[in-house]
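Colleague: Assemble the complex: chain A is given as a structure, and chain B must be docked to it using the hints.
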Amino acid sequence: MRVPLSWLRDYVDIDLTIDEAAELLTNAGLEVESITRIGLPGAELEWDRERVVLGRVLRVEPHPDADRLVLATVDYGAAEPKTVVTGAPNLFPYLGRGDLSGEALYSPLAMEGATLYDGHKDGRVKAKLKGRPLRGIYNDAMLCSEKELGISDEHEGIILITHDELRMTNEESSPAPLLPRSPVPGTPLQDVLGDAVLEIAILPNTARATSILGVARELAALTGAEFRPPSYDVDDAAGVVMDGPPVDGRVVVTTENPDLNPRFVALIIEGVAQIPSPYWMQYRLRLAGQRPINVVVDVSNYVMLEVGQPNHTFDYDTLRRRADEYAPDGPIQINTRLPHPGETLTTLDGATHKLEPYTILVTDPAGNLSIGGIMGGLESEIRPETSNVLLEAAAWDFINIRRSATALDLHTEAAYRFSRGVHPSLALLGAQRAADLLRRLAGGTVARGIIDTYPNPPAPVVVDLDPVYARKLSGLDLTTQEMGEMLERLGFAVESHGDGLRVTAPDHRLDIEGPHDLVEEICRIYGYDRIPSTRLADTLPPQRGNPKLEREERVRDTLVRLGLQEVWSYRLTSAAREARLLPGSPGQLPSPDERPYVTLSNPPAPDRNVMRHTILASALEAAAANSRHAERIALFEIGDVYLAGEDELLPDELTRLAVVLTGRRDRGHWDDDGVATFDFLDLKGILDAFFEDLHLPVAYEATTHPTYRPGRAARLLVGNRQIGTMGELHPGVAKGFEVRVERGQAVLAADLDLEALLPLIPDHYRYTSLPAYPPVREDLALVVDATLPAAAVEAALRQSGGALLRDVVLFDVYEGRQLPPGKKSLAYHLTFQAPNRTLTDDDVSKQRGRLLKLLERELGAKLRE
Amino acid sequence: MLDELENQYKAASTALAAAEGREALEAWYRDTLGRKGNIYLLTRNLGALSAEERPAYGRRLNEVKAELEAAYGEKLALAEDEELRAQLAAGALDVTLPGRKPAEGRLHVITQTLRDLYRVFGDMGFQVYRTRDVETDEMNFELLNFPPHHPAREMQDSFYTTVEGVILRTHTSAGQIRAMREYYPEPIRVVLPGMCYRNEQVTARSEMQFTQLELLAVGENITFADLKGTLTEFARRMFGAERQTRFRASYFPFTEPSAEMDISCFLCGGAGCNICKYTGWLEILGCGMVHPTVLRNGGYDPLKYFGFAAGLGPERIAMLKYGIDDIRQFWANDLRFLEQF
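These protein sequence lines map, in sequence, to chains A and B.
Per this note's numbering, the first sequence starts with residue -17, numbered consecutively.
Per this note's numbering, the second sequence starts with residue 54, numbered consecutively.
Hint data in this document are derived by calculation from the structure and do not stem from the laboratory.
Note that the coordinates shown come from a computational prediction; the quantities given were computed from them, not determined experimentally.
Just so it is clear, CB atoms sit at the ideal spot from N, CA and C, and this is done for glycine as well.
Keep in mind that a hint or two might mislead.
Unchecked claim - Okay, derived cross-link-like pairs now, DMTMM-like style, lysine to aspartate or glutamate, Cα gap no bigger than 25 Å in a straight line:
no., chain 1, residue 1, chain 2, residue 2
1, B, K374, A, E535
2, A, K530, B, D84
3, B, K357, A, D520
Claimed, not checked - To give an idea of the interface, some chain A residues facing chain B are shown, with a C-beta separation under 8 Å as derived from the structure:
no., residue
4, R471
5, L554
6, L582
Chain B with its partners taken away, still in its complex shape:
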């Protein structure tokens, strides 16, 4: 009996060594260790053995089974690895093929720019305050110290409506008085975003409709130095920590003193390029200390309260940042333009 076991074992080992591939291995297993397999069937011999022979035979049979199982397992694992390797090798792709892009949406570049501005000024305590597009001449001009027929009005050609005294706002400064009258006597720190309109020839450089963002701070201890500091911090966060700012005297009827702020050109670093017209500086905004007449019109005593205001053009900022050369693109809604931002 034991001889038979040893013979079967030898034959099975030889057959296992010869079996290649998962299928051959599984067939070997079926024929050897499966329920109808040669080795498995040797279990039946136990019944024909005497009580003395049985333990030795049984022990040996278990040994043989375990050895064959182990050998099989090892060989099967190798075969499976091989098979997987072959399968994966066959599935190679051209990794340079274009991918399947999801259809994503995007925010308009002006929304993105406004959000940048809200964030930077929001960090300094400025909250967004919105007012209307269709305004009174009083809010847009008169209360801001632009008398009728004043030459300062020439700077902003208006669209008039058929209702006497009602125009499309020419600047977001039109919201200053509304903000003051609502906030008085609290201090104010707001940004006023919005659409503005001027009766100008539409060209690559000027639009009849454009957004502005007005900055307004009013309080008992606000100085021209604070205006410089706040706007310089803004310029550095918006255009880079190394930006220099330059303030030049200017004129707006609703601020005194008034200034223009330039920033060192972030394209050439101030060395001079065609974007900064070889001056090294980019005009970025107009600003100034709120005119006493405007403070008074807003309800604040100009001897007790001080304030500053600034007006920024989101389109101008976007044009500089992204190198956009035609302002008409902003409202043309060409997807080929919008999808770039």
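Isolated chain A (complex conformation):
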């Protein structure tokens, strides 16, 4: 909502700087997003107070040597008027009219040295005004267009304000004229047209601020100044004069759906002249973001902006002509109703719309006329020859307008306001205000009487406010009386009721439901910034902690310590993206989980239409994205996957962990001998260390899995439970994910079920006391079948080593010519240690002998000679 300050000042005195007023509004919930100054200090183009002044045109005479130029003699407050050469087309009608002092014609005059925008250049280019001869006549001043002054891009003619326009308003009734009653030529233009426009963000509960009057009322309440709304009274000296032929018998209005269209007010204004609206109205409309058209359209927009009541003007004669068909002797029959099946409507922008069954229409027996509250129809719109209008100001259900406007994709100013809520009481005020302005500005005659179809006026909202509740909620120690006064400033009616207050909300407040809403109003008026800041004194709740998160964070720390970078990915993906993990299934999309996907009905992109089933695909996408520039990729992601249930409404959200390694093992250094890249055992080592850190014994078992390279994949087991898979990625999978690898470079990946793993992590574990007696180290090389897993040999060693065998470390694996085919040698460092004595060579050799015997029996292992 763009609010020109000058307009606001019609209804409230503002004894603050522009910035202070903006801050006050912002703090009270009407956020001023920007301030655009026009001509004032701080504006993009500040008008020089000496050189840009109000001029009064005294005479317009022909230029002796140029048909397209005229000489205007302008009074600008100096002893002698100034003669200005100008080509402004809107001065030509005054050519040769002699003395114009009876016309009272005003225009901004800029003099040599003033900085203006160049009217002939595109955009806004500043230029300093220089004196120069124009077709032989020296010229050192200029009458200005809006573009030259930075008001708008309008450069068709100069700004021309006639005093006649002022006579169309009167002293008692706003709008206040832009010019004082007796404007003094030479007044700095800043003091006449200087303005500031506040752009206010409208929240769903501040619909009341979508009007100048709404903002003025709010500002008055905040500053304590008086709010002076215009008078709407019928036949009041200051109000709407209705002296045309009565409306009765000419129009009848029915509303079929009062819930969707609670009120419909109609007036007839006849004999309007479609002339340009007065400059002050055009000026304000422009500042508020509307393009002036002619007085009939402009008044409608002006009333919408000022009062907040959107309204619509129909061509009365068109309605009458249609009535002549269906009721030659009867009145025009307006009816609001829902569309018939298949009904369409062509709006005044020429577009034909299919209508939703809930979209309410304004119709007559001959057909439809407009989409209620959203946009008028083409047939009954105001035409250049229109002089009689039927003015509609109605109330519509805000939710229905929002639905309809969204479905029709018609986001008009009217729909904007109606979809946020306009109280039905405004319909009458808006209609009267519009009729009054059309009478004054367009010379119309208002028919006597108002059609007002308003079957069920809503009861006023009454809320009881318990001051104890208000104090407990706000933390403010206010008296009941203070609270009442603050609410009254906002237009609430307040009376005592028991120990508290009975508060009646004003019509313009549609957001008041209960006492909490009143507390917010009290806080706003009191000032949020003045409310004290206190520390919580309420009982501390039981401290439950979050064991799952704590373990998850421990896992993160462990992985980071092992040299892995954490990543976070989009959780929206597509089945096709994930199917790349399972190559070799042409014609179908295998999913990493058989349960259905959570699928979006409005995906942001075709390849982001489901919630992920696997975190490994996320991590591989991250690796692929980095493979273009990173030499070393070692990353992990922890996050949820989403597995929909067949019968459950909501999916299972299960935490998973993926690790991906590829590229060089270290970070690279200038004196490296060569580049070593990650291989299977790097990943295995990281996982070994990871599980050791978590004190979770885990077993690896060779497996086949389409994601991994055959022979280089393992499943991980805790007890008998599989908690994940790991291995070297199948080259086809790496290629599918577009992970760029050098020749011979592997991509390693692990996919772990943290949901299952986290509860298995022990909360605590036993410390092993440090040995008091020295260890004895023995090396042992065993020859076994090449297919025998190393883990089996180690397990057998540990099992048969007895209590004295403290540690087993593999230090060499050999297969080759020195051994028979099908055999390999595994060499171990064995550490023997006793807790209570120093071992003798004899102890150790006995132990070793037994061990060898057992291994030979169990595994066919032989000591390598």
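Modeller: Just chain B now, with coordinates in the frame of chain A:
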């Protein structure tokens, strides 16, 4: 005999004085005091001496040995020092050469930011409570006082799923009712972190996926002043002890009164810069007192219980703290971005 001893002693002293370097010294020692050395061998003369001469000779021999040993030791130490000095001098490095960096890992910047938030709020008694990403419209909107087609829904464009009434949560406030129903009738102090989703154009300033952290306190004695106090303490711990806070009236369907909290810009100190758009203030969070309808939906009697809630954006906080200018970086997983935190 004694003359011979004295001659040998003189010769040995002269030779020692002439010996330079550790090797020459050790050779001297071998030739002089070693088992085959000249002085050592003089011990043999003892046997040829009479019982009267022996003690004097022996005493003198021991004196000579001790003196030579001492002189040798001193000279050897000097030589070793010299040798070490030379050796170390030869091993000088260019200390400006790049070091060998270990391959370290890092936490994602959002994990780090969330942990900062957990810590600050944890110190005030707030515990982490997590709920789901895929939510019902009821939890995300209806029970939070957003009726269907309400204009407030326009503030949060949702992703809908093919299951009627199931959406991706648009805010972590969706967890409020779940927390209340689980905690009732206990008082509540929780933070609810999580991923949220909105159907928005992805640009440098807006994302369709983002994290939020919801703050929720419910109890019998919780006021709007407590909300201000708690969030001001948070702002000072998170952004610096000298931070000022500003509360402005705002609107959220699930809070009343509602507010936006701004903090004085920590980049310019409030003087005005391009980050705070020359206002001196940074918008940091939305907050308010839990709406009575929401309390009731959570099981708490709104005449007896009060509460406050706030919603923070970890990305926004990280962007302000580190000067990140493109929100899309958070999930792009570019190591060149992630490795900076």
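Colleague: Confirm or reject each hint.
Modeller: These are the hints, each one checked on the structure:
A hinted pair counts as satisfied when its Cα atoms are at most 25 Å apart, and B/K374 with A/E535 qualifies at roughly 23 Å. Straight-line distance between C-alpha atoms of A/K530 and B/D84 comes to about 78 Å, which puts the hinted pair past the 25 Å bound. At most 25 Å may separate the alpha-carbon atoms for a hinted pair to count; B/K357 and A/D520 meet this at roughly 13 Å. The beta carbon of A/R471 comes no nearer than 15 Å to any beta carbon in chain B, farther than 8 Å, and the hint placing it at the interface is violated.
Interface restraint check: A/L554 against chain B, minimum CB-CB distance 7 Å, threshold 8 Å, status holds. Annotation: interface hint on A/L582 holds; nearest CB of chain B at approximately 5 Å, less than 8 Å.
Violated hints for the displayed structure, listed by number in ascending order: 2, 4.
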